[in-house]
Amino acid sequence: MPVPQSQTYGKQDPPVKEAAGGSTLRLVITRVTPLWPRRVYVQWIVRNPTASTGYYFSVWRSGSYEGPWEEIAHDLADIYFYLDDSFESPNDRSGPDLQSTRRVVVYKVTVRRGTSILAEAVQDISAGLDHRRQGIHRKLARDAYVSLKHGAGTRVAVFKRRWWGEPCPKCLSLTGQSTRSHCGTCSGTGITYGYWEPVYTYAQRTASPMNAQVNISGQVDVNRMRALLPCIPQVDPLDFLVFLQDNKRYQVENIGGSEIHGVSVHQEVDITELARSAVEYNLKADPWRDPQWF
Amino acid sequence: MPLPRGEGEASDVYVGSPLAIIGLWVLALRERFNANLGEPLPWVWRANLRPEDSENGEPLPESPRNLVIESAYNVEKAHRNYRPAIYVGRGSAVAAKIAVDNRAGNFIPTGFKAYYGHVTMPIIFDCESENSAESTTIAETAWGFVLATRDIFRSSLGLHDIVEPTLAETTLGSLDKNTWTTQVIFNVVYEQRWGTRPIAPVLREIVAQLEAGTSEGTMLQRLAARDISHP
Numbered sequence: 016m017p018v019p020q021s022q023t024y025g026k027q028d029p030p031v032k033e034a035a036g037g038s039t040l041r042l043v044i045t046r047v048t049p050l051w052p053r054r055v056y057v058q059w060i061v062r063n064p065t066a067s068t069g070y071y072f073s074v075w076r077s078g079s080y081e082g083p084w085e086e087i088a089h090d091l092a093d094i095y096f097y098l099d100d101s102f103e104s105p106n107d108r109s110g111p112d113l114q115s116t117r118r119v120v121v122y123k124v125t126v127r128r129g130t131s132i133l134a135e136a137v138q139d140i141s142a143g144l145d146h147r148r149q150g151i152h153r154k155l156a157r158d159a160y161v162s163l164k165h166g167a168g169t170r171v172a173v174f175k176r177r178w179w180g181e182p183c184p185k186c187l188s189l190t191g192q193s194t195r196s197h198c199g200t201c202s203g204t205g206i207t208y209g210y211w212e213p214v215y216t217y218a219q220r221t222a223s224p225m226n227a228q229v230n231i232s233g234q235v236d237v238n239r240m241r242a243l244l245p246c247i248p249q250v251d252p253l254d255f256l257v258f259l260q261d262n263k264r265y266q267v268e269n270i271g272g273s274e275i276h277g278v279s280v281h282q283e284v285d286i287t288e289l290a291r292s293a294v295e296y297n298l299k300a301d302p303w304r305d306p307q308w309f
Numbered sequence: 244m245p246l247p248r249g250e251g252e253a254s255d256v257y258v259g260s261p262l263a264i265i266g267l268w269v270l271a272l273r274e275r276f277n278a279n280l281g282e283p284l285p286w287v288w289r290a291n292l293r294p295e296d297s298e299n300g301e302p303l304p305e306s307p308r309n310l311v312i313e314s315a316y317n318v319e320k321a322h323r324n325y326r327p328a329i330y331v332g333r334g335s336a337v338a339a340k341i342a343v344d345n346r347a348g349n350f351i352p353t354g355f356k357a358y359y360g361h362v363t364m365p366i367i368f369d370c371e372s373e374n375s376a377e378s379t380t381i382a383e384t385a386w387g388f389v390l391a392t393r394d395i396f397r398s399s400l401g402l403h404d405i406v407e408p409t410l411a412e413t414t415l416g417s418l419d420k421n422t423w424t425t426q427v428i429f430n431v432v433y434e435q436r437w438g439t440r441p442i443a444p445v446l447r448e449i450v451a452q453l454e455a456g457t458s459e460g461t462m463l464q465r466l467a468a469r470d471i472s473h474p
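Residue numbers (the working numbering), protein chains in the order written: chain A, 16 to 309; chain B, 244 to 474.
It should be emphasised that the hints constitute simulated quantities derived from the structure, not laboratory data. Values in this document were obtained by computation on a predicted structure and should not be read as measured data. Idealized CB from N, CA, C, for every residue including glycine. Hints are not guaranteed to be accurate.
To be verified - Label pairs and their computed distance ranges (CB to CB):
no. : chain 1 : residue 1 : chain 2 : residue 2 : range
1   : B       : E412      : A       : Y208      : 27 to 33 Å
2   : B       : G281      : A       : P302      : 35 to 41 Å
3   : B       : D404      : A       : Q114      : 21 to 27 Å
4   : B       : A278      : A       : G110      : 47 to 53 Å
5   : B       : G334      : A       : D305      : 50 to 56 Å
6   : A       : R54       : B       : E298      : 46 to 52 Å
7   : B       : G334      : A       : K299      : 52 to 58 Å
Could you put together the complete structure from these sequences and hints?
Below, the structure written as structure tokens:
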């Protein structure tokens with residue numbers, strides 16, 4: 016089975032070491048600062064530029080590190096920042112909002128000179144670090160990732176839930192709530208497609224005994240445990256993980272982990288195993304497998 | 244002597260008992276949430292819960308969701324994590340006195356006394372879903388169904404009364420996922436009949452037969468073969 020690789024570079028082997036195309040030119044997003052709850056300030060620089068001018072930048076936005084991406088600024092000529100001011104918080108959730116205390120918004124910046132894309136960079140909203148601690152963070156995050164990749168972790172697909180997008184035409188009512196938890200169009204999220212493209216990484220599950228509860232509706236299987244994840248992708252409650260080894264799927268409940276000056280180094284999340292009848296089992300998690308896993 | 248049972252009816256569940264009355268609404272709800280093309284619902288009861296898929300194994304996005312409708316006392320089913328679901332249970336049943344000492348009549352030769360009364364029993368539908376709005380929508384459908392059919396059910400099932408149902412608030416629980424439950428509650432009033440037979444006449448009869456010279460074996464055989472359901 017081929018190893019799942021992210022379609023956007025830099026997700027599986029952070030930190031970014033080299034730009035696409037073998038060029039030494041690198042694009043680095045230096046700041047993604049939220050100005051709650053209205054706008055986000057994005058700033059970037061070009062390392063090792065081959066010319067002083069003539070660069071055109073495009074800014075893209077998504078809820079996941081794998082997109083799909085929405086272009087919010089096109090061909091900014093020699094401009095190295097962008098103020099994303101489009102957080103209207105519409106009540107039908109058709110656009111992004113910053114009202115939640117934990118909202119992952121991911122930005123991708125691409126740079127071109129002439130017609131070819133020279134480099135791109137992806138960054139979510141996160142606190143910045145000074146230069147010295149950037150190195151420390153990079154070392155710690157890499158160690159955590161390597162230990163998961165080569166040691167205790169197994170392959171996992173992270174499905175990030177959509178919190179904004181096209182309202183579901185099938186089940187979203189005029190008053191704003193989804194009325195079908197297993198809608199085939201939105202997976203019960205109220206937003207078309209339900210989840211962003213999965214991000215593939217490595218994670219470790221802790222061993223956990225199956226707890227069979229008995230309540231008025233009968234015997235219910237509940238299986239709660241912890242999972243260790245690298246700092247990318249940042250997960251949120253109601254995201255779900257697919258452990259590709261056994262195709263078991265888990266919903267994220269609580270999130271903890273270690274940080275350095277407010278920047279995540281690794282994540283420890285409480286997860287609960289989803290019932291086999293859950294709608295999350297309808298989503299394609301492993302496109303490399305034949306027959307495919309749904 | 245056990246009363247006759249219909250096909251598939253459990254021998255341990257007595258006709259007119261609370262479990263039997265719960266069974267009436269389990270069957271009725273399954274009929275309400277059927278795959279009626281004239282009135283398509285997004286939730287359909289089927290005996291088989293396996294979701295439909297296409298020829299290449301992909302889930303069918305627009306197929307109705309299978310709905311579990313079960314008695315709340317049926318706890319051994321292996322798919323209790325399945326949602327949406329309706330579990331039919333009951334609350335506290337209360338017998339009410341509608342005649343002096345509940346008395347219906349006496350049969351003087353044997354001392355048999357007949358009684359009757361009305362039992363008021365709340366029937367509770369737990370409408371579970373992973374979505375608050377879906378839970379209440381399913382419950383509204385069930386609530387409207389009970390409201391609209393109560394007269395028909397009352398007359399055709401021999402119940403004394405079916406009180407107008409209550410649609411309760413939606414509450415949150417946490418299982419493998421957050422689970423929302425909306426209850427539909429309504430009282431069913433049905434007649435309960437029972438009788439008592441004093442032991443003294445039976446003993447007197449045994450003594451009389453022994454004194455008349457009936458052998459012990461014959462007498463015991465007669466006692467065992469006697470239909471005690473009638474005075």
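Status of each hint after checking the structure:
1. In this structure, E412 of chain B and Y208 of chain A meet the distance hint of 27 to 33 Å, their C-beta atoms being roughly 32 Å apart.
2. Restraint check, G281 of chain B to P302 of chain A: a C-beta distance of roughly 40 Å satisfies the suggested window 35 to 41 Å.
3. One distance hint, 21 to 27 Å for the beta-carbon pair D404 of chain B and Q114 of chain A, is violated here, with the actual separation near 50 Å.
4. Restraint check, A278 of chain B to G110 of chain A: a C-beta distance of roughly 38 Å breaks the suggested window 47 to 53 Å.
5. The beta-carbon spacing between G334 of chain B and D305 of chain A, approximately 53 Å, falls within the hinted interval of 50 to 56 Å.
6. With their beta carbons about 49 Å apart, R54 of chain A and E298 of chain B fall inside the hinted range of 46 to 52 Å.
7. The hint said 52 to 58 Å for the Cβ distance between G334 of chain B and K299 of chain A, and at roughly 45 Å that hint is violated.
Hint check: violations occur at hints 3, 4, 7; the rest are consistent with the structure.
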